[in-house]
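Those sequence lines, one after another, are chains A and B.
Be aware that the first sequence starts at 1, since it is given in the UniProt record's numbering, and climbs by one per residue.
Be aware that the second sequence starts at 1, since it is given in the UniProt record's numbering, and climbs by one per residue.
Certain hints may be false.
[Said to hold, decoys possible] No more than 30 Å apart at the CA atoms, straight line, and that leaves these computed lysine-lysine pairs for BS3-like:
| hint | chain 1 | residue 1 | chain 2 | residue 2 |
| --- | --- | --- | --- | --- |
| 1 | B | 141 | B | 192 |
| 2 | B | 120 | A | 49 |
| 3 | B | 176 | B | 344 |
| 4 | A | 111 | A | 23 |
| 5 | B | 176 | B | 192 |
| 6 | B | 141 | A | 49 |
| 7 | A | 54 | B | 167 |
| 8 | A | 54 | A | 32 |
| 9 | B | 38 | B | 52 |
| 10 | B | 366 | B | 344 |
| 11 | B | 141 | B | 109 |
| 12 | B | 109 | A | 49 |
Don't read these hints as lab results, they were simulated from the structure.
All values derive from a computational prediction rather than experimental measurement.
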Amino acid sequence: MAEFVEADNFEAIITRIEHKSRKIESLLKQYKPVEALKTALEGSPPKTKDERCKSANWIVVHRAIMAIKDVDSLFSALDPEYYDILMKYLYRGLSTGDRPTCDQCLRIHEKLTEKAGLGCILRCLADTVNTV
Amino acid sequence: MAATSIHKFAQCITCHAWSPDLSMIALCPNNSEVHIYKLSEDKWEKVHVLQKHDQIVSGIDWSSRSNKIVTVSHDRNSYVWNQEASGWVPTLVILRLNRAALCVQWSPKENKFAVGSGAKTVCICYYEQENNWWVSKLIRKRHDSSVTSIAWHPNNILLATTSTDGKCRVFSTFIKGVDAKDSAMGNSADTKFGEQIVQLDLCFCWAFGVRWSPSGNTLSYVGHNSMIYFVDEVGPSAAAQSVAIRDLPLRDVSFLSERMVVGVGFDCNPMVFVADESGLWSFLRFLDERKAASSSAKYGSQFSEAFGKFYGQSKYSANNNVEQSRGAHDNCINCILPLAKQRKSSVTRFSTSGLDGKVVIWDLQKQEDLLEYL
Numbered sequence: 001m002a003e004f005v006e007a008d009n010f011e012a013i014i015t016r017i018e019h020k021s022r023k024i025e026s027l028l029k030q031y032k033p034v035e036a037l038k039t040a041l042e043g044s045p046p047k048t049k050d051e052r053c054k055s056a057n058w059i060v061v062h063r064a065i066m067a068i069k070d071v072d073s074l075f076s077a078l079d080p081e082y083y084d085i086l087m088k089y090l091y092r093g094l095s096t097g098d099r100p101t102c103d104q105c106l107r108i109h110e111k112l113t114e115k116a117g118l119g120c121i122l123r124c125l126a127d128t129v130n131t132v
Numbered sequence: 001m002a003a004t005s006i007h008k009f010a011q012c013i014t015c016h017a018w019s020p021d022l023s024m025i026a027l028c029p030n031n032s033e034v035h036i037y038k039l040s041e042d043k044w045e046k047v048h049v050l051q052k053h054d055q056i057v058s059g060i061d062w063s064s065r066s067n068k069i070v071t072v073s074h075d076r077n078s079y080v081w082n083q084e085a086s087g088w089v090p091t092l093v094i095l096r097l098n099r100a101a102l103c104v105q106w107s108p109k110e111n112k113f114a115v116g117s118g119a120k121t122v123c124i125c126y127y128e129q130e131n132n133w134w135v136s137k138l139i140r141k142r143h144d145s146s147v148t149s150i151a152w153h154p155n156n157i158l159l160a161t162t163s164t165d166g167k168c169r170v171f172s173t174f175i176k177g178v179d180a181k182d183s184a185m186g187n188s189a190d191t192k193f194g195e196q197i198v199q200l201d202l203c204f205c206w207a208f209g210v211r212w213s214p215s216g217n218t219l220s221y222v223g224h225n226s227m228i229y230f231v232d233e234v235g236p237s238a239a240a241q242s243v244a245i246r247d248l249p250l251r252d253v254s255f256l257s258e259r260m261v262v263g264v265g266f267d268c269n270p271m272v273f274v275a276d277e278s279g280l281w282s283f284l285r286f287l288d289e290r291k292a293a294s295s296s297a298k299y300g301s302q303f304s305e306a307f308g309k310f311y312g313q314s315k316y317s318a319n320n321n322v323e324q325s326r327g328a329h330d331n332c333i334n335c336i337l338p339l340a341k342q343r344k345s346s347v348t349r350f351s352t353s354g355l356d357g358k359v360v361i362w363d364l365q366k367q368e369d370l371l372e373y374l
């Protein structure tokens, strides 16, 4: 039953991510990188097991993460409810091994740890079900 | 200071328990023995050593009315110790496990005790008068992983368990001939032995340290993902709350009143959680003062500290020692017990023990901001 629902949802999730991607591009053009990151993190599909959805959303989040220039102003505008999901994507970024991505993720990771504490890292590492 | 007494008993303590009058403490110094210490003239004196287990003792409970000690161990056995003129006399309880026993607790009426184990089972043990023998009844095929903690509901029937499959479950342990059908227990007396009342799927990693509030209305347990969970009205319409912790995960919790919970764990510093008038739980503060001043500075230079540690430089350790020496515990705390001679609706004193081998007694009498929750 669960698989059926998921298969049915696949198209819908991809459509939503595409829509999100267009919205992010327009926000980035308006020099609103934080808004873009929020949009990217919102409605990310951790519950689905479908790797294609996860990858599609990661591409969008990656685009938004790389557009962040000023990390300090990011955290003055980002609400705590985004911390846990952002941490998960930072670890996904670090796992790519891509130099510029890792550099950016580490920069944000340091500030995020300062803000959200070690508990945030543990929630991200311990959760093997809702992966991004 | 909230910590009124600190005493180092061993290198490491796996668990501890207090005698009914709180004058003696039984603890396991991370080996197969249980040491009993007595406080005489402000000095702890070792009065008994209980030697019967073959492996590490993982759980001790001292019944407050019948003055019996039950111990469980990784050797898969349990002993009930009776105090007689010659000392403590053990009775073997065969649990019928094929993995280590991990935790033990007397039921409130002390006619049963429960053992959680690595064999994915819970044993409910009771005494059979005619055979002069403790019988173990198993709750099988309910847990998908090791049972890390157990807690008796005050009604003597319901048992809550947490396990490393991340679930918290509540079972009925009604045993014919041991438990009387009592209308005061409500619906729970109608259930069969081993029947699962509820399964809580809040956590996606290991769960530890489950406890009921003094009235049995609220259940609390912790996850290894730095979360603590509070569940009201356990049953079909359970209302759950999750509170994310900023710091390292907890290992054990204790209710001090209906509205206050103390959690202990890898942060080596007890955390206080309180419920407001509407029943909303939140983190209030650490009990030991050391953390508040140092936390921001500590995280700021986290990377350099980590590198310093890596190359064996003294910066991190020196900094760390100064900070640690102010705290009561300096390693993970894995056991917390309220200190009260009878079951009470609120207590102000509790004890903690941990991997640093210390037992610390805490008193909240002078913590004015906390008293309104007690």
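(request) Assess, step by step, whether the Cα of residue 176 of chain B is no farther than 30 Å from the Cα of residue 192 of chain B, and give holds or violated. (result) Distance ~9 Å between residue 176 of chain B and residue 192 of chain B Cα, so the pair holds.
(request) For the pair supplied as a hint, residue 120 of chain B and residue 49 of chain A, confirm whether the alpha-carbon distance does not exceed 30 Å. (result) 27 Å, holds
(request) Given the hint that residue 141 of chain B pairs with residue 192 of chain B, test it: the Cα-Cα distance must not exceed 30 Å. (result) Satisfied, since the Cα-Cα distance of roughly 15 Å is no more than 30 Å.
(request) Quickly compare the C-alpha distance for residue 54 of chain A and residue 32 of chain A to 30 Å and report which way the hint goes. (result) Cα-Cα ~24 Å, so holds.
(message) Against the 30 Å threshold, does the CA-CA distance of residue 141 of chain B and residue 49 of chain A hold or violate the hint?
(response) 27 Å, holds
(request) Sort out whether residue 344 of chain B lies within 30 Å of residue 176 of chain B, counting only the CA atoms. (result) Roughly 28 Å separates the two Cα atoms, so the pair holds.
(request) Verify the proposed pairing of residue 54 of chain A with residue 167 of chain B, using a straight-line Cα cut of 30 Å. (result) 26 Å, holds
(request) Quickly compare the C-alpha distance for residue 111 of chain A and residue 23 of chain A to 30 Å and report which way the hint goes. (result) 26 Å, holds
(request) Starting from residue 141 of chain B, check that the Cα of residue 109 of chain B is at most 30 Å away, please. (result) 27 Å, holds
(message) Against the 30 Å threshold, does the CA-CA distance of residue 366 of chain B and residue 344 of chain B hold or violate the hint?
(response) 20 Å, holds
(message) Just to be careful, I want the Cα atoms of residue 38 of chain B and residue 52 of chain B compared with a cutoff of 30 Å; is the pair within it?
(response) Distance ~21 Å between residue 38 of chain B and residue 52 of chain B Cα, so the pair holds.
(message) Can you confirm whether the C-alpha distance between residue 109 of chain B and residue 49 of chain A stays at or below 30 Å?
(response) 47 Å, violated
Of the hints listed earlier, the one the structure fails to meet is number 12.
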